[in-house]
Structures are given as structure tokens and as C-alpha cells.
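Using the sequences and the hints, build the whole thing.
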Amino acid sequence: MHLIQVAQVFGAEVAGLDLSIEKLSAIEKLGAIPVRVDDFNTLDPVLFRQGRPTIVVDLVGSRLSLAWAAQAVATGGRVVVMTTFRDVVAEFDPRRMVMTEAAILASRYASRHEVALAGQLVATGRVRPIIGLTTDPRGAPEIHRRLRDRTLVGRGALVWS
Numbered sequence: 274m275h276l277i278q279v280a281q282v283f284g285a286e287v288a289g290l291d292l293s294i295e296k297l298s299a300i301e302k303l304g305a306i307p308v309r310v311d312d313f314n315t316l317d318p319v320l321f322r323q324g325r326p327t328i329v330v331d332l333v334g335s336r337l338s339l340a341w342a343a344q345a346v347a348t349g350g351r352v353v354v355m356t357t358f359r360d361v362v363a364e365f366d367p368r369r370m371v372m373t374e375a376a377i378l379a380s381r382y383a384s385r386h387e388v389a390l391a392g393q394l395v396a397t398g399r400v401r402p403i404i405g406l407t408t409d410p411r412g413a414p415e416i417h418r419r420l421r422d423r424t425l426v427g428r429g430a431l432v433w434s
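Residue numbers are given in my numbering: position 1 of the sequence shown equals residue 274, and the series is strictly consecutive.
Everything labelled a hint here was simulated from the structure, so no lab data went into it. Using N, Cα and C, we set each Cβ at its ideal position, and we do this for glycine too. Misleading hints may appear alongside valid ones.
What the hints assert, rightly or not - Computed Cβ-Cβ distance ranges for the label pairs, DEER-style:
1. TRP433 with THR315: 41 to 49 Å
2. PHE283 with TYR382: 37 to 45 Å
3. MET370 with LEU431: 34 to 42 Å
4. ASP422 with ASP366: 29 to 37 Å
Here's what the structure looks like:
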């Protein structure tokens, strides 16, 4: 959810792919285009009224969702992979990627500069922290369960007393 806000700060038209009503609602509240991806046969990559999104954030991480995201993104756009699952392999058409100047991005860590920028964006109110669950350390298994079930909206945070 934070990535959606940061992309918008830098001028992107963002679409967020997910399955859950709660996450899709959060995506829409952030001003991004929510795309429910439980049935790809019913989705048309040109469903976007104002044109294709310049950033597609895939919060599902399936072979089908990643392939759909790659074909839905605008020319010069980016597909951002936010999840990893064992044995999930995606296929992309390299010719199409070159012809549309698209890119696939994924990141596990942030540089010092990126952390500082994120802090500035939150401090100035341009990005709003979204915390879906706070708990003491005993509740960590619940955070992990929600992550595995793909039901955690935003971040999970441990509160130490």
C-alpha cells in the first residue's frame, strides 16, 4: 500500500492487483485503480478508462497475475512484484517488453537514500502509514498467518513494551 502512494507522489497512474475485498478497497481509497484478479478470463487489459497504468503493483504474485500485469502496463511503464512464493515462475514476452519499453521491478531491501526519502514522505504527510495489525511479540504468529493467507492490509507491527 505504501508503494502505491509513493508511485503516485512521483506522478504515476497506479493499478493494484489483489484478490481480497479489503485490499481492493484500500487500493481504491488511495486513489489507485483496484483490479480483482480471481478470474483472468473476465479481465480486459484495456479496462482502464484513462489509459493503461504506468505502474502495476502485483500484490498476488501468481504466474497469471504477473503475466497479466506485464501486458496491461502502459508503454514505458513498470510492473512491480511485491510477493514471493516458492515454485511460482512467470513468463514474459521479451519482444513486447522491449517494444513497449516496459520493465519489471522487484526489491527486497531499501537503500539508505530510499529509507530517508520514505521518512520525509511520511513526515510531510505525502504518504500515510498503513498498519493493518499491531500486536505484542506474542501476536507475531497472527501477523505471519495473515501474511500467508494474504489478508494483511498494509504492514504488521510488533509493539514492545
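Against the structure, the hints:
Under the hint 41 to 49 Å, the C-beta atoms of TRP433 and THR315, about 46 Å apart, fit the expected range. Roughly 20 Å separates the CB atoms of PHE283 and TYR382, a value that falls outside the hinted 37 to 45 Å. Here the CB-CB span from MET370 to LEU431 is close to 39 Å, well matched to the stated 34 to 42 Å. Between ASP422 and ASP366 the C-beta distance comes to about 32 Å, which sits within the given range of 29 to 37 Å.
Taken one by one, the earlier hints fail for this structure only at number 2.
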